[in-house]
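Take the given structure of chain A and dock chain B to it, following the hints.
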Amino acid sequence: GAVVSQHPSWVICKSGTSVKIECRSLDFQATTMFWYRQFPKQSLMLMATSNEGSKATYEQGVEKDKFLINHASLTLSTLTVTSAHPEDSSFYICSARAGSEQPQHFGDGTRLSIL
Amino acid sequence: QKEVEQNSGPLSVPEGAIASLNCTYSDRGSQSFFWYRQYSGKSPELIMFIYSNGDKEDGRFTAQLNKASQYVSLLIRDSQPSDSATYLCAVSGGKLIFGQGTELSVKP
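Listed in order, the protein sequences are those of chains A and B.
In terms of the numbering used here, the first sequence opens at residue 1 and continues consecutively.
In terms of the numbering used here, the second sequence opens at residue 1001 and continues consecutively.
Hints are computed from structural coordinates only; laboratory data are not their basis.
Here the structure is a predicted model, which is why all the values come from computation and not from measurement.
Every residue, glycine too, gets a C-beta built ideally from N, C-alpha and C.
It is possible that part of the hints are untrue.
Simulated DEER-style distance windows between Cβ atoms [claimed, not checked]:
#: 1; chain 1: B; residue 1: Asp1055; chain 2: A; residue 2: Asp108; range: 27 to 33 Å
#: 2; chain 1: A; residue 1: Phe39; chain 2: B; residue 2: Gly1029; range: 29 to 35 Å
#: 3; chain 1: B; residue 1: Pro1010; chain 2: A; residue 2: Gly1; range: 20 to 26 Å
#: 4; chain 1: A; residue 1: Ser5; chain 2: B; residue 2: Ser1069; range: 34 to 40 Å
#: 5; chain 1: B; residue 1: Asn1007; chain 2: A; residue 2: Met45; range: 17 to 23 Å
#: 6; chain 1: A; residue 1: Pro8; chain 2: B; residue 2: Gln1080; range: 29 to 35 Å
#: 7; chain 1: B; residue 1: Ser1008; chain 2: A; residue 2: Ser5; range: 28 to 34 Å
20 Å max Cα-Cα, derived DMTMM-like pairs, lysine to aspartate or glutamate [said to hold, decoys possible]:
#: 8; chain 1: A; residue 1: Lys41; chain 2: B; residue 2: Asp1083
#: 9; chain 1: B; residue 1: Lys1042; chain 2: A; residue 2: Asp88
#: 10; chain 1: A; residue 1: Lys41; chain 2: B; residue 2: Glu1005
#: 11; chain 1: B; residue 1: Lys1002; chain 2: A; residue 2: Glu101
#: 12; chain 1: B; residue 1: Lys1067; chain 2: A; residue 2: Asp88
#: 13; chain 1: B; residue 1: Lys1002; chain 2: A; residue 2: Glu59
#: 14; chain 1: B; residue 1: Lys1056; chain 2: A; residue 2: Glu59
#: 15; chain 1: B; residue 1: Lys1042; chain 2: A; residue 2: Asp108
#: 16; chain 1: A; residue 1: Lys41; chain 2: B; residue 2: Glu1103
Only chain A is shown next, with the shape it has when bound in the complex (with noise of 0.2 Å):
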């Protein structure tokens, strides 16, 4: 149980593009989901917690207007990354909770490269 899928797994585009990456809790309701991001090397970097209809809550130094987030449903947040560049090429993480003490279950990521 406690599965979460996220897609694409791997996105290469041009500079500029948008890139929309879902997020999807298959076997519970999330109440709550979450966006990483985490670079080569390092540390899981929290970028934004969602809440089911509600605006997400973004952390200090994440441009909200650069990064969309959406969570429409207790199954299912995005992540839009907007007009990227090639400094935002990192692995991007989801995760969802059930519950405000629950674990968090993390999706397999998804690998950017912007050129």
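Frame of chain A; chain B shown alone:
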């Protein structure tokens, strides 16, 4: 500032030995504690979670929690080369507060 501290390692153990991973946390009010395993280039995978003082066992893994000492550990018995990964300790405070991770290497 809530903090979670882990030895960064690398921790190297021979195959079949017990690997002991340790973690301390600063927020005495923390209620939920998690261990994740992350292979290189992959996303974190939940290994164990523990809410109460004492031990919790699941197969070869045992999580230990001591809230008075603000200490949580993970023991891996009969370590296998496939256990070689980075192990992340995480404490829940609304959002997860991660330690920096301990790199474990199990040598055949």
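Against the structure, the hints:
no.	hint	verdict
1	B:Asp1055 x A:Asp108: 27 to 33 Å	holds (31 Å)
2	A:Phe39 x B:Gly1029: 29 to 35 Å	holds (31 Å)
3	B:Pro1010 x A:Gly1: 20 to 26 Å	violated (33 Å)
4	A:Ser5 x B:Ser1069: 34 to 40 Å	holds (39 Å)
5	B:Asn1007 x A:Met45: 17 to 23 Å	holds (21 Å)
6	A:Pro8 x B:Gln1080: 29 to 35 Å	holds (32 Å)
7	B:Ser1008 x A:Ser5: 28 to 34 Å	holds (32 Å)
8	A:Lys41 x B:Asp1083	holds (18 Å)
9	B:Lys1042 x A:Asp88	holds (18 Å)
10	A:Lys41 x B:Glu1005	holds (17 Å)
11	B:Lys1002 x A:Glu101	holds (17 Å)
12	B:Lys1067 x A:Asp88	violated (40 Å)
13	B:Lys1002 x A:Glu59	holds (15 Å)
14	B:Lys1056 x A:Glu59	violated (33 Å)
15	B:Lys1042 x A:Asp108	holds (7 Å)
16	A:Lys41 x B:Glu1103	holds (11 Å)
Going down the numbered hints, you'll see the structure goes against 3, 12 and 14, while the others check out.
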